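*Asks:* Sequence:
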Amino acid sequence: MTPAPVPAVVAAPLQPEVAPPPVAPTGRGIRILVAGRSIALPSPSGTGIAVFRRGGAVLAVFDVPGALDLAGLRDDPTFGEARSWMLPDGAVLLLPLPVGMTVEPRREGETWVLEVEAVDATRRSGQRRRPIMAEAEPGPPARLVIGIEGGSRVLAMEDPETGSPLLIGTLIVPGQAHGSAWRLPEFEVLSTRQGAAILARSDRVALRSLPGRFTLSVPGGSMRIAMPGGLDLSAEAVRLTRLLDLPALSVSGLLDRLRSQQSSIATSLPLARGGTRRDTAETLLAMGMPHEAQAMAALALQEDPRMRGDARLLLAYGASALLAGRIGDAAAIEDARIPASDEVLVWRGLLAAARGDAGLAASGITPGMALLFTYPEALRQRLLPMAALALAESDAVPATRRLLAALPETPAYAYARARLSETEGEAAEAARQYAALTESADRPARARAMRRLAELRLVAGEIDARSAAEALDRAIFSWRGDADELALRLRVATLRRAAGEPRIAFDLLRETASLFPEHAPRLRPDIAASLAEAILREPPVAAVALFELHRDLLPTGAEGAETLALLAERLVAMELPQRAIALLQEAAERASTREGRARHGTRMAVLRLAERDAAGALAALDATSLPELPPPLMTARALLRARALAASGERGAAATLLATVGAEGRTTLAAILAEAQDWTGAAAALGEHLAEVLPPGDAAFDPSLRREVARLAAFHALASETVALAGLAARVAGRMGEGPVAELFALLVADPMRGIADARRLGRELDLFRALPGRLSAQGLF
1 MTPAPVPAVV AAPLQPEVAP PPVAPTGRGI RILVAGRSIA LPSPSGTGIA VFRRGGAVLA
61 VFDVPGALDL AGLRDDPTFG EARSWMLPDG AVLLLPLPVG MTVEPRREGE TWVLEVEAVD
121 ATRRSGQRRR PIMAEAEPGP PARLVIGIEG GSRVLAMEDP ETGSPLLIGT LIVPGQAHGS
181 AWRLPEFEVL STRQGAAILA RSDRVALRSL PGRFTLSVPG GSMRIAMPGG LDLSAEAVRL
241 TRLLDLPALS VSGLLDRLRS QQSSIATSLP LARGGTRRDT AETLLAMGMP HEAQAMAALA
301 LQEDPRMRGD ARLLLAYGAS ALLAGRIGDA AAIEDARIPA SDEVLVWRGL LAAARGDAGL
361 AASGITPGMA LLFTYPEALR QRLLPMAALA LAESDAVPAT RRLLAALPET PAYAYARARL
421 SETEGEAAEA ARQYAALTES ADRPARARAM RRLAELRLVA GEIDARSAAE ALDRAIFSWR
481 GDADELALRL RVATLRRAAG EPRIAFDLLR ETASLFPEHA PRLRPDIAAS LAEAILREPP
541 VAAVALFELH RDLLPTGAEG AETLALLAER LVAMELPQRA IALLQEAAER ASTREGRARH
601 GTRMAVLRLA ERDAAGALAA LDATSLPELP PPLMTARALL RARALAASGE RGAAATLLAT
661 VGAEGRTTLA AILAEAQDWT GAAAALGEHL AEVLPPGDAA FDPSLRREVA RLAAFHALAS
721 ETVALAGLAA RVAGRMGEGP VAELFALLVA DPMRGIADAR RLGRELDLFR ALPGRLSAQG
781 LF
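The opening position of the sequence shown corresponds to residue 1 in UniProt numbering, with each subsequent residue numbered one higher.
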């Protein structure tokens, strides 16, 4: 025979709380089992219990009436501060315990044993548990069902923390805990260690005990969480965990609540206002007044040091700051003291969206987005567009589609719908929607639409990088001052550089750094790269002026050194060698590698030697003399040093140095001796070199060898070494090919005059020797 249902217990308005009178030691005596750890309460068979935390204490509610005798607990360090009071149909035992400690109830014969343990220790204890969970039944009427095992009863009491009604479901069989806590507008389901506990915010809330279950309903109200567009997330929202108390009341209801809270603040002692200020901040947030809510939360944090670790207050402060546009203050949402919950993850996702991190935003918002529909209307209107935008920008197509299906076709969500079309590959439809939004009165949406439309046209090849940059440049002034503007400015700068306009990109990035100083360090590499490109692209005079104005913004290390070296070459082309030398000196100092420093020092020495500053060339080589340089660079520096030594009059030292270099040293020695008009020595040095490098056979020489052979012929001729000149002509006969160099060589090695018949040739040779220096120079032989 099925037992008759127990009448529902309905949350009714409570009378003002009256402190319970002292309990005479005539009730059921509670005894210590293990000092500081466990106690036992005599309870007849069939006695149910519920255990849950409220604030700084754990409550154990028994469904058998009668006073509890606490005399045996008074000297215990853990249970000595326990209190109890009677209910019409039960009794309550309040045990002050620090956060992180809990009470684990178990049945032993005719007693209930309450054992105090750390929360983590309880989780590891291995006791058999039968977790209970609330399930949504859509109805009608909609209700929550909590499946249970064994007998149960329902009691009502006043919440010692808030004064609101508490509906308690006691259970006879131990181990039945409701692990998750979550809130709905009409009530809050608390986390328990045993049984069920409902904090009622509406007089309509009813908890009923039926065989195998508790049912929770709101007669005359609605537990349906229905969203526009027909999407129903009742079951999903019910399962989500919450932290903030944001009741979905009417505007008049929220105003009444606000007035009551303000009155309570005014009549409370200064250090007793923290909790009420937190509740008031939540009410202001629910009313869509984030600036006022943040100010109220800040007062609570400032005035009451005990509230500075309060998770609800920290979250309310951060959430209010986020909606007020104070992203720095909104970092309170990430405070490690706030326990993880679905609601906290949603707010952290919204914070990530405000910072421009779309991927992190989607991962936080998607699991708990149904919660947003349970918030008061004023708050929903602020948060749902933010969530839709964050999901759309993250390319989370399923979540975005699901959310937008639940939202009305209003301008607030038009950009998110256009972005979804683009993500799904419908470029033409997305472009049409973006074009319509560019005429919108919604400035942020208009700016985003202008940006996306330009990007679509760029990808489609309809415009080039310069046109896209110009279009996006106009969008900058449509919306100012947040992460969107920063991202837009960076994109315009990138396009300007791609279009070959690094100077415009440089100016834009410098302006961006001044407008967003907190991002200036991140912008520094792009600013430096743009400046380097601009210096290389601007006309030489403008490039020098740009460098002088912003030398502190040049890239550091090898990149900056290379920029200076290239600018120096432009100055050399302008016949400004001294300015070029100064830049090369700075490039050598900036170089991050030994090779880079030595290379810039070598080029500086070349320029100094060209200016006939042999001492300066040697000083440049000495200043950049480093070990373990690449062999080609070491050879070039040795040849350059030898030339500088020779120019300073130390030809012996130069010859000694060149003797260690090899073939290239002999050609340089020949040039040095030729400059000193030591034609015999020059011919000897160059002759040794050619003896090693001339290929055997009869094949024609390549152009470089032809020039070297012609140089040797000129040296022999200038030294009047006719025998050597004839021998050279015999060795290379037929291998000089044709062209100006070959003709010059032929004149140099022609037979000497033997009579008056050679007078005409004599005239030609006289003309040749008069023009010989110029012709040799023109052919690169000197």
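Since the hints were made in silico from the structure, they are not lab data.
Heads up, some of the hints might be wrong.
Pair by pair, the computed Cβ-Cβ distance ranges are [claimed, not checked]:
(1) Ser704 / Thr593: 29 to 37 Å
(2) Ala428 / Glu149: 29 to 37 Å
(3) Ala653 / Ser704: 25 to 33 Å
(4) Glu161 / Ala428: 55 to 63 Å
(5) Asp89 / Val397: 30 to 38 Å
(6) Pro631 / Gly359: 44 to 52 Å
(7) Val541 / Thr656: 44 to 52 Å
Remember, predicted model here, so these are calculated numbers, not experimental data.
By construction, the Cβ of each residue, glycine as well, lies at the ideal position given by its N, Cα and C atoms.
*Asks:* Is the gap between the beta carbons of Ala428 and Glu149 within 29 to 37 Å?
*Replies:* The hint (29 to 37 Å, Cβ to Cβ) is violated, given that Ala428 and Glu149 are roughly 60 Å apart.
*Asks:* Quick check: does the Cβ-Cβ distance between Ser704 and Thr593 fall within 29 to 37 Å?
*Replies:* 32 Å Cβ-Cβ, so the 29 to 37 Å window holds.
*Asks:* Hint says 44 to 52 Å; check whether the CB-CB distance for Pro631 and Gly359 agrees.
*Replies:* holds, 50 Å
*Asks:* Within 30 to 38 Å or not, the Cβ separation of Asp89 and Val397?
*Replies:* violated, 54 Å
*Asks:* If you check the beta carbons of Ala653 and Ser704, does the distance land in 25 to 33 Å?
*Replies:* Distance hint for Ala653, Ser704 holds at roughly 29 Å.
*Asks:* Has the hinted range 55 to 63 Å been met by the Cβ atoms of Glu161 and Ala428?
*Replies:* The hinted range 55 to 63 Å holds for Glu161 and Ala428, with Cβ atoms some 58 Å apart.
*Asks:* Return holds or violated for the Cβ distance of Val541 and Thr656 against the range 44 to 52 Å.
*Replies:* For Val541 and Thr656 the Cβ distance comes to about 45 Å; the hint holds.
In summary, the numbered hints that this structure violates are 2 and 5.
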